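**Q** Quick mapping for you: the protein sequence lines, in order, are chains U and W.
Once you know that position 92 of the first sequence is 92 in the numbering used here, the rest is easy, because the numbers rise by one and skip nothing.
Once you know that position 112 of the second sequence is 513 in the numbering used here, the rest is easy, because the numbers rise by one and skip nothing.
None of these hints come from the bench; they were simulated from the model.
Bear in mind the structure is a predicted one, so any value in this text is a computation, not a measurement.
Backbone N, C-alpha and C fix where the C-beta goes; we use that ideal spot for every residue, glycine too.
A portion of the hints provided could be inaccurate.
[Unchecked claim] Below are the DSS-like pairs computed for lysine-lysine, each with C-alpha atoms no more than 25 Å apart in a straight line: (1) LYS476/W x LYS364/U; (2) LYS312/U x LYS416/W; (3) LYS393/U x LYS416/W; (4) LYS434/W x LYS522/W; (5) LYS364/U x LYS507/W; (6) LYS416/W x LYS487/W.
[What the hints assert, rightly or not] Every beta carbon over 10 Å from chain U, so not counted as near; a handful from chain W, in silico: (7) MET412; (8) SER426; (9) ILE448; (10) LYS457; (11) LYS480; (12) GLU483; (13) GLY498; (14) LYS517; (15) LYS522.
These are the residues of each chain, in order.
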Amino acid sequence: MNDFPILDRKINGKELVYLDTAATSQKPQQVIDAISDYYREHNANVHRGVHTLGDESTEIYENARKKVAGFIGAVSPSEIIFTKNATDSLNIIAYGWGLKNLKKGDVVLTTVAEHNSNLLPWMFVCESTGAKMEYLELTPTGTLDLKTVESKITNRVKVVVISHASNVLGTIFPVKEISSIAGEMGAVTIIDGSQAVPHFKVNVQSIGCDFYAFSGHKMLGPMGIGVLWARKELLGKMTPLRYGGGMVLDVARDSYELAEVPGCFEGGTPDVAGAVGLASAVDYLQNYGMDNVRKHELEITQYALDKLEEVKGLKILGPENAENRTGLITFVIDGIHSHDVASVLDSEGIAVRSGMHCAMTLHKTMHLPASTRASFYIYTTKREIDKMVEVIKKAQEILGR
Amino acid sequence: MDDTLYREELMEVYKNTKNRGTLSSPSVEVLEKNPLCGDQIKLQFEIEDGVIKNAKFDASACAVSVISSAYLLDKLFGKTLEQAKKITKEELLDTLGINLTTSRVKCATLALEGLKHALEKYENTKK
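Input sequences plus hints: build the corresponding full structure.
**A** And the structure:
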């Protein structure tokens, strides 16, 4: 795929094989150009002043919001808040909604597989309010049994916090069913879509959740821009996290009036170029087609699952079939630490992630010190998977005891 | 592959170091953890009259952590506690002679952190 200039780089004298998209995706030339065009041609602060550039910049920024709203099926662009990243979005929910609405005795229900970004804001809310965290356990293949969800949702559960797809196991969780079960019990559902939105079609209305968060940089966009979607009525009940310029309508000596949603949640000069880059990434993905993204990843993931299963002493975590997964595979190798696997792969130009992937609770639950993760995207090829498998075998020869 | 990290003599240390194991009656032991990657090293020391008589480590850790632990313990046999305290990060990295990326320097110095904590712990029990 020659839209991605970085993929022509040599790493340690070898062709780069980039298998770390779950951490951040590479960026196509189109996105890089959109960002530099913005700074070359349109740069001015938004929502302020009357000059032409300021107007242009505001329009570009608001168009980006419309594009993102359409991409995830929001009811209106005013349900889209631009943030720094998914972590920022999830914190805005925890501070702006959680602190206000939870109290002692309430329960925050989540899974053992959550990324720290989806877990820690709620641990903080629990510490501050006296609410309690409870966890949904997973099946041995890393899936979630809906019966487990039903049995754990009591009327004390006020919030269900879950990732749409696990960044370690790859599991796509049944968020639609969970949102419906939670809704019936009067609980609010918060979904971290960081590993979902880049990889398959997501529609927040058909899921039926209350909050949805994701990052731009994992879906071909730049770092520094993220999205928080929330139902309009919930946005109206949230307290802003950041007070300052741009988020206020009127200020007197002892009072102020907040700007309308979503502006009141975007205090300070926003990352307009980031929003432009994200909109360009959405264009790129829509041109490619989200169904084609999914199709390509299913093919690559199934191919990689089959190849990795042949490697002796290698254990794959998570669901057995590609259909139940997003485009990533995490594995452990008998007797070899994941950092060593990653280092040997790196020496051959192959980039994978090793460690706990910000999911310490999950690793502790599985009694694993660490694991290695290969993650895929539209630029991943079968030849690259072959290369990875070949070098994994080499690592076993060098390090096997 | 000419990656210096996985060269043969280091792999020999990784697989067969005599310093790996457990002591039956250590004067002090610590479990040093690297929360970032989940590595754990247990360090045990037998200390007599202020001198390190014996030392062992056991690890659930990567090759860099294991090799640096093995080399660090090699340096410690027969050293006084004062001498042991003076071993620096630079000295240990120099002994390893591996070209490490920044993220993996932490793996290489985990054992040294453990040594520091073990010596502190030992001195506190003597007070």
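**Q** State for each hint whether it applies.
**A** Here is how each hint holds up against the structure:
1. Of the pairs offered as hints, the one joining LYS476/W and LYS364/U is violated, with about 34 Å between alpha carbons and a cut-off of 25 Å exceeded.
2. At most 25 Å may separate the alpha-carbon atoms for a hinted pair to count; LYS312/U and LYS416/W meet this at roughly 19 Å.
3. Pair hint LYS393/U plus LYS416/W holds up; C-alpha atoms about 18 Å apart against a cutoff of 25 Å.
4. For the hint pairing LYS434/W with LYS522/W, the CA-to-CA distance comes to about 16 Å; that is within 25 Å, so the pair holds.
5. A distance of roughly 21 Å separates the Cα atoms of LYS364/U and LYS507/W; the hinted pair therefore holds under the 25 Å criterion.
6. Of the pairs offered as hints, the one joining LYS416/W and LYS487/W is violated, with about 28 Å between alpha carbons and a cut-off of 25 Å exceeded.
7. For MET412/W, the requirement that its beta carbon stay farther than 10 Å from each beta carbon of chain U is not met, with the minimum near 6 Å.
8. Separation of SER426/W from chain U is adequate, the least Cβ-Cβ distance of about 28 Å exceeding the 10 Å criterion.
9. Here ILE448/W stays apart from chain U, with its beta-carbon at least about 29 Å from theirs, past the 10 Å limit.
10. Listed as outside the interface, LYS457/W is consistent with that label: its C-beta sits roughly 18 Å from the nearest C-beta of chain U, beyond the 10 Å cut-off.
11. The Cβ of LYS480/W sits about 29 Å from the closest Cβ of chain U, beyond the 10 Å cut-off, so the non-interface label holds.
12. With a closest Cβ-Cβ approach of about 33 Å to chain U, GLU483/W is found to remain outside the 10 Å limit, as its non-interface label requires.
13. The beta carbon of GLY498/W sits about 16 Å from the closest Cβ of chain U, which is more than 10 Å, so the claim that it is off the interface holds.
14. Remark: the non-interface label on LYS517/W is consistent with the geometry, its nearest Cβ contact in chain U lying 22 Å away (cut-off 10 Å).
15. Separation of LYS522/W from chain U is adequate, the least Cβ-Cβ distance of about 23 Å exceeding the 10 Å criterion.
In this structure, the hints that do not hold are numbers 1, 6, 7, in rising order.
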